[in-house]
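So the chains spell out like this:
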Amino acid sequence: MRRVILIAVPYLWLLALFLVPFVIVLKISLSDAAISIPPYTPTLDLSAGWQGIRDFLAALDFENFVWLTQDDLYWKAYLSSLWIALASTAMTLLAGYPIAYGMARAPEEWRPTLMMLVILPFWTSFLIRVYSWMGILSQEGVLNQFLLWLGVIDRPLMILNTNTAVYIGIVYTYLPFMILPIYAALDRMDNSLIEAAEDLGCSRLTAFWLVTVPLSKNGIIAGCFLVFIPALGEFVIPSLLGGSRTLMIGKVLWEEFFSNRDWPVASAVAVVLLLILVVPIVLFQRNQERQQEAEK
Amino acid sequence: MNRLSWFNTVSLTLGFAFLYIPMIILVVYSFNASKLVTVWAGFSTRWYGELLRDRAFLNAAWVTLKVAVASSTLATVLGTMAAYVMVRGGRFRGRTLFSGMIYAPLVMPEVITGLSLLLLFIGIGLDRGVLTIVLAHTTFSMCYVSVVVSSRLATFDLSLEEAALDLGCSRAEAFRLVTLPIIAPAVISGWLLAFTLSLDDLVIASFTSGPSATTLPIKIFSAVRLGVSPEINALSTIMIAIVTVGVIAASLISKRNLVRQRRDELAAVRG
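These protein sequence lines are chains A and B, in that order.
Take the first sequence: its letter number 163 is residue 162 in numbering that gives the first Met the number 0, and every next letter is one higher.
Take the second sequence: its letter number 116 is residue 115 in numbering that gives the first Met the number 0, and every next letter is one higher.
No wet-lab data here; the hints were simulated from the structure.
Cβ atoms here follow ideal geometry from the backbone N, Cα and C, with glycine treated the same way.
Incorrect hints may have been included.
[As the list claims (entries may be wrong)] If you only want the chain B side, here are some residues facing chain A, beta carbon under 7 Å, derived:
#1 Asp53
#2 Ala81
#3 Leu114
#4 Leu118
#5 Thr154
#6 Leu201
#7 Ile239
[Claimed, not checked] If we take Cβ atoms under 7 Å as the criterion, some of the chain A residues that face chain B in the derived model are:
#8 Pro9
#9 Phe17
#10 Pro20
#11 Ile127
#12 Gly249
[Said to hold, decoys possible] Pairs of lysine to any residue residues, derived as SDA-like cross-links and limited to a Cα-Cα distance of at most 25 Å, are as follows:
#13 A:Lys75 <-> A:Asn162
#14 A:Lys26 <-> A:Phe55
#15 B:Lys34 <-> A:Ser238
#16 B:Lys254 <-> A:Gly51
#17 B:Lys65 <-> B:Asn7
#18 B:Lys34 <-> B:Gly226
#19 A:Lys216 <-> A:Gln50
#20 B:Lys65 <-> A:Phe125
#21 A:Lys216 <-> A:Cys201
#22 B:Lys254 <-> B:Tyr19
#23 A:Lys75 <-> A:Val271
#24 B:Lys34 <-> A:Val141
#25 A:Lys216 <-> B:Tyr102
#26 B:Lys65 <-> B:Leu105
#27 A:Lys26 <-> A:Leu11
#28 A:Lys26 <-> B:Leu125
#29 A:Lys26 <-> A:Ser258
#30 B:Lys254 <-> A:Trp122
#31 A:Lys26 <-> A:Gln50
#32 B:Lys34 <-> B:Ala60
#33 A:Lys26 <-> A:Gly51
#34 B:Lys254 <-> A:Thr123
#35 A:Lys26 <-> B:Asn7
#36 A:Lys216 <-> B:Val9
#37 B:Lys34 <-> A:Arg154
#38 A:Lys216 <-> B:Asn7
#39 A:Lys216 <-> A:Val141
#40 A:Lys75 <-> A:Leu85
So here's chain B without its partners, still in its complex pose (with noise of 0.2 Å):
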């Protein structure tokens, strides 16, 4: 069973290869000297300078940069509260309701969500722009934060808070100390999961940003709209960078952690 037949190597390779290859020609091209981004013309790194010379581009990457923080952490906070009601909080008149609005936007198309958002902000006469956004993100990336955090909260251990009670800790104490650091993990996860739906969203910011605010989404997407230009392609390479040492970072590090949870349970049992 240790050995991959050559039906699993062939489909992991082909599908890993389908995965990979789209975004590994998008990286070769943005190094490509020619403006046409289909002929090779050598190696050069003048698309990435004529990037960070673009003030648009620039503000726009600070907009979103703004929006991603601030949507993310009120989303974390605001999501982390909504799973702590839905796992903890007991019955309570219109329960049903809130784990309906809690669930519903994950999967709502994101088109209905940017209108019936931009239908109340000009309903009750708000001005588009970077304030709009950051709600509109907020909204449903609390939801994806309360998934995260509900899923970890459901198979804590409740005897460990009952202690902390029993010991004389008010419950806010008892939350602060025993509850928070334990799903810790998952509210970190929940707060980056928000930040990357917030950094990537381009329908629901399109819907509810004003001319005075432009994210980076959109002007990726205005720009792309007639073709393929090489500086969306350096770009793009800058991002997926970054989110390549990330990533790669996170699973090392949860990894390291692990390692040293089994040392420390291993030394317990031998203590």
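Here chain A stands alone, though its shape is the one from the complex (with noise of 0.2 Å):
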């Protein structure tokens, strides 16, 4: 019996709080909008019996989805997501692989210090992360300023407000979730395979290629998935950071629902990004199971 409780209350909140929302959304992005409260038709009116939801279904239909080929807005907004997310989750691998690197090699007692300054900004609020470069990247900004002062350009550059600024903060913000997972693979290396590989004939930089980042290869994929799914969706940054040119589908998303209140589109355009979503996801689980069978 107690048992039973244990299970029954944390599945039935997800069911109630997780599970069932989707399948709202789901169903609102089949149906049409419509000047009401709330505003889309068709309405379930359970009061009808079986001919009320036979009505009911019969009035979802995929036009919304259909809707969403037919702008352009839409797929560009797709497309434009996936390479940023993309693009960023690559410069964030190059800046985050030196720094877990750097970690690793560093004397084992500043290791906890270096861990716990890579993690602190990880409980700062990120809204916070990301408006600080909204002082440093604005025309009069504190870059500017000292490139100016440097005497490198004669006039400020604009890269608040352009795909520049998403890209310096999606690295910015999403760096500890790379630098953690590869700092923890090479922690676990070996480093007599080096000194092997090196005994052996190979220069360092052919031992750094063949040796440690084959063995950093699980810490590598993490650390990527970690800062692509989320940099996918993303919201905060590309309408802080970003122009009104800067296209990426949670901003869309947003002002599908609050500017245009077309529910149905907003809700369609989730459905799509879960979907593109379940690749990277999956690939993303069974990295992890394989990692953990691995360490077995």
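Can you join these two chains into the complex? Each is in its own frame, and there are hints to help.
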């Protein structure tokens, strides 16, 4: 009996507040927008019995999904989100790997402190970390002032409100997610393997490519997914740092819902985003499972 | 192997400079006397004063704190239960669905979670306010708690619990007297994680809050949309200071516990 309660409470909570809402999103994505409360039709009328359910199902269609393919705003936003997420993941890897490598090679007694320094930004508000770049990248911002003072440029650069600022924002906020799994993989690595490779005539660089990189492969994969998946649906970064021409699907969904008040289209946008995310999520899950099995 | 090569020194220096310089600049400019954020006009704590006199901000801070305490506490209870079910529950019907529902919210884009919860609340006619934000935050943060707690439970030595049962404890007593004290650090870090996630969340709160409940992130977001604001710089500095003190304290405490544990072990060996 006690066991049933233990299972039932979290189970029912997640069913009611996680699964059921998705079914509702799916249903509304098949509805039509209407000027009413709630702003869509049809609504399910259970009092009409089977006939009501049949009428309800008959009124659902894929019109909104057809609309998504016709208006080029949407597919451009999906493609541009995919591109931005992919490119910024690659940049985060390039920035994060040397840091993780340096941490793993640092003297043992420094490592807890370095670890703490990587984790600290993660506990600090995401919103504030994104916001901090607004003052740096703006036309009169710290970076432009610095570059003007150095004499590298003679007119301020336009960085804020461009895609460049979005890339900087994503790399900055997700960097800890890249560093930690790679560091964990490198930390576990047996250093004698590299010494062996060097003894056998490898140069330092070759030993790095042939030994270190393959051994940290799982950390690299985990880090890339941890950056790519949330970056794809990102809203805060493109809306604060990006410009009006920055197209990202999270922002489109937000505007469709709050500005246009078109709930069915917003729901359809969400369903398609979820379908796109299924692939990387499944691949990530598989990578994690393989890693866990390898550790056993 | 004990000295850093120049390459590692450079990459660590640049890396940590990149991570910290933006926050340091934010903190420095929060003490700027000028309203123009980019012009340095001398040291002043003026913006802190204005911030503390701003009732809207104080109200938002209070709402945020209430939501964070309520949702993280609920999430810790539910998440610990879920973790226990996942690790010790054995087989039951719908287990795959259950573990899917635990892991899915971790990777779900916030805009989708927010939208779907809002549509649910409207569907059942629940007025949007503090309650709906608490429900929303509890739902996604309980999954984080359950991941943290279940990783501790998985490495837990089962024989300890079995010994308690052999010695006449009931299952509930064994959990309260043996299991809970051992997994307590994980439960506490789960609570802290849930608390921070709730404090931090903008997107889900924006979807699920009504006009009666504005949280701090919503307030900050609407203020900085128009550009940099000195009051927000002051607020950010306060938040960064709290987190920094918290993280350093937590790491000192865990270090001290580790040292004490080692000393006890050493004493036991010498015994």
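So, going through the hints one by one against the coordinates:
1. Restraint check, B:Asp53 versus chain A: the minimum CB separation of about 17 Å is more than 7 Å; hint violated.
2. Given the 7 Å rule on beta carbons, the hint for B:Ala81 holds: about 4 Å separates it from the nearest Cβ of chain A.
3. Satisfaction of the interface hint for B:Leu114 is found here, the shortest Cβ-Cβ separation to chain A being roughly 6 Å, below the 7 Å cut-off.
4. At its closest, the beta carbon of B:Leu118 sits 5 Å from a beta carbon of chain A; the interface hint therefore holds under the 7 Å criterion.
5. For B:Thr154, the interface hint is violated, the least distance from its beta-carbon to any beta-carbon of chain A being 11 Å, above 7 Å.
6. A cut of 7 Å between beta carbons decides the hint on B:Leu201: the least distance to chain A is about 6 Å, and the hint holds.
7. Annotation: B:Ile239 was flagged as interfacial toward chain A, and the flag holds, the nearest CB pair being 6 Å apart, inside 7 Å.
8. Annotation: A:Pro9 was flagged as interfacial toward chain B, and the flag holds, the nearest CB pair being 4 Å apart, inside 7 Å.
9. With a cut of 7 Å, the hint placing A:Phe17 at the interface with chain B holds, because the nearest CB-to-CB distance is about 5 Å.
10. Among the interface hints, the one on A:Pro20 holds; its C-beta lies about 4 Å from the nearest C-beta in chain B, closer than the 7 Å criterion.
11. Among the interface hints, the one on A:Ile127 holds; its C-beta lies about 4 Å from the nearest C-beta in chain B, closer than the 7 Å criterion.
12. Hint status for A:Gly249 relative to chain B: holds, with the closest Cβ pair at about 5 Å, below 7 Å.
13. Our distance criterion of 25 Å between C-alpha atoms is met by A:Lys75 and A:Asn162, whose separation comes to about 15 Å.
14. The suggested pairing of A:Lys26 with A:Phe55 holds, with an alpha-carbon distance near 10 Å, which does not exceed 25 Å.
15. Using a Cα cut-off of 25 Å, the hinted pair B:Lys34 and A:Ser238 holds, with the two alpha carbons roughly 24 Å apart.
16. Among the hinted pairs, B:Lys254 with A:Gly51 is inconsistent with the structure: their alpha-carbon atoms are about 64 Å apart, more than 25 Å.
17. As the CA atoms of B:Lys65 and B:Asn7 are separated by approximately 44 Å, the hinted pair breaks the 25 Å bound.
18. At most 25 Å may separate the alpha-carbon atoms for a hinted pair to count; B:Lys34 and B:Gly226 meet this at roughly 12 Å.
19. For the hint pairing A:Lys216 with A:Gln50, the CA-to-CA distance comes to about 57 Å; that exceeds 25 Å, so the pair is violated.
20. Of the supplied pair hints, the one linking B:Lys65 and A:Phe125 holds, its CA atoms being roughly 20 Å apart against a limit of 25 Å.
21. The straight-line distance between the Cα atoms of A:Lys216 and A:Cys201 is roughly 20 Å, inside the 25 Å bound, and the hint therefore holds.
22. Only pairs whose Cα atoms come within 25 Å are accepted, and B:Lys254 paired with B:Tyr19 is accepted, the gap being roughly 24 Å.
23. For a cut-off of 25 Å, the pair hint linking A:Lys75 to A:Val271 stands: about 13 Å separates their Cα positions.
24. With a CA separation close to 15 Å, the supplied pair B:Lys34 and A:Val141 stays within the 25 Å bound.
25. A threshold of 25 Å between alpha carbons decides the hint, and for A:Lys216 with B:Tyr102 the separation of about 23 Å falls inside it, so the pair holds.
26. For the hint linking B:Lys65 to B:Leu105, the alpha-carbon distance of about 23 Å falls within 25 Å, and the restraint holds.
27. Annotation: proposed proximity of A:Lys26 to A:Leu11 holds, straight-line Cα distance about 21 Å (limit 25 Å).
28. A C-alpha spacing of about 19 Å is found between A:Lys26 and B:Leu125, which places the hinted pair at or below 25 Å, so the restraint holds.
29. Distance restraint check for A:Lys26 and A:Ser258: the Cα-Cα separation of roughly 21 Å lies within the 25 Å cut-off, and the hinted pair is therefore satisfied.
30. A threshold of 25 Å between alpha carbons decides the hint, and for B:Lys254 with A:Trp122 the separation of about 19 Å falls inside it, so the pair holds.
31. Note on A:Lys26 and A:Gln50: the hinted pairing holds, with a Cα-Cα distance of about 18 Å set against a maximum of 25 Å.
32. A distance of roughly 23 Å separates the Cα atoms of B:Lys34 and B:Ala60; the hinted pair therefore holds under the 25 Å criterion.
33. Among the hinted pairs, A:Lys26 with A:Gly51 is consistent with the structure: their alpha-carbon atoms are about 15 Å apart, no more than 25 Å.
34. With a CA separation close to 22 Å, the supplied pair B:Lys254 and A:Thr123 stays within the 25 Å bound.
35. At roughly 54 Å between alpha-carbon atoms, A:Lys26 and B:Asn7 are farther apart than 25 Å, so this suggested pair is violated.
36. The hinted pair formed by A:Lys216 and B:Val9 meets the criterion: a straight-line CA distance of about 23 Å does not exceed 25 Å.
37. Distance hint between B:Lys34 and A:Arg154 is fulfilled; the C-alpha atoms sit about 24 Å from each other, no more than 25 Å.
38. Between A:Lys216 and B:Asn7 the alpha-carbon distance is near 20 Å, which keeps this suggested pair within the 25 Å criterion.
39. Taking the CA atoms of A:Lys216 and A:Val141, the gap is about 38 Å. The hint is violated against a cut of 25 Å.
40. Simply put, A:Lys75 and A:Leu85 have alpha-carbon atoms about 15 Å apart, close enough for the 25 Å limit, and the pair holds.
Violated hints, in rising order: 1, 5, 16, 17, 19, 35, 39; the structure is consistent with all others.
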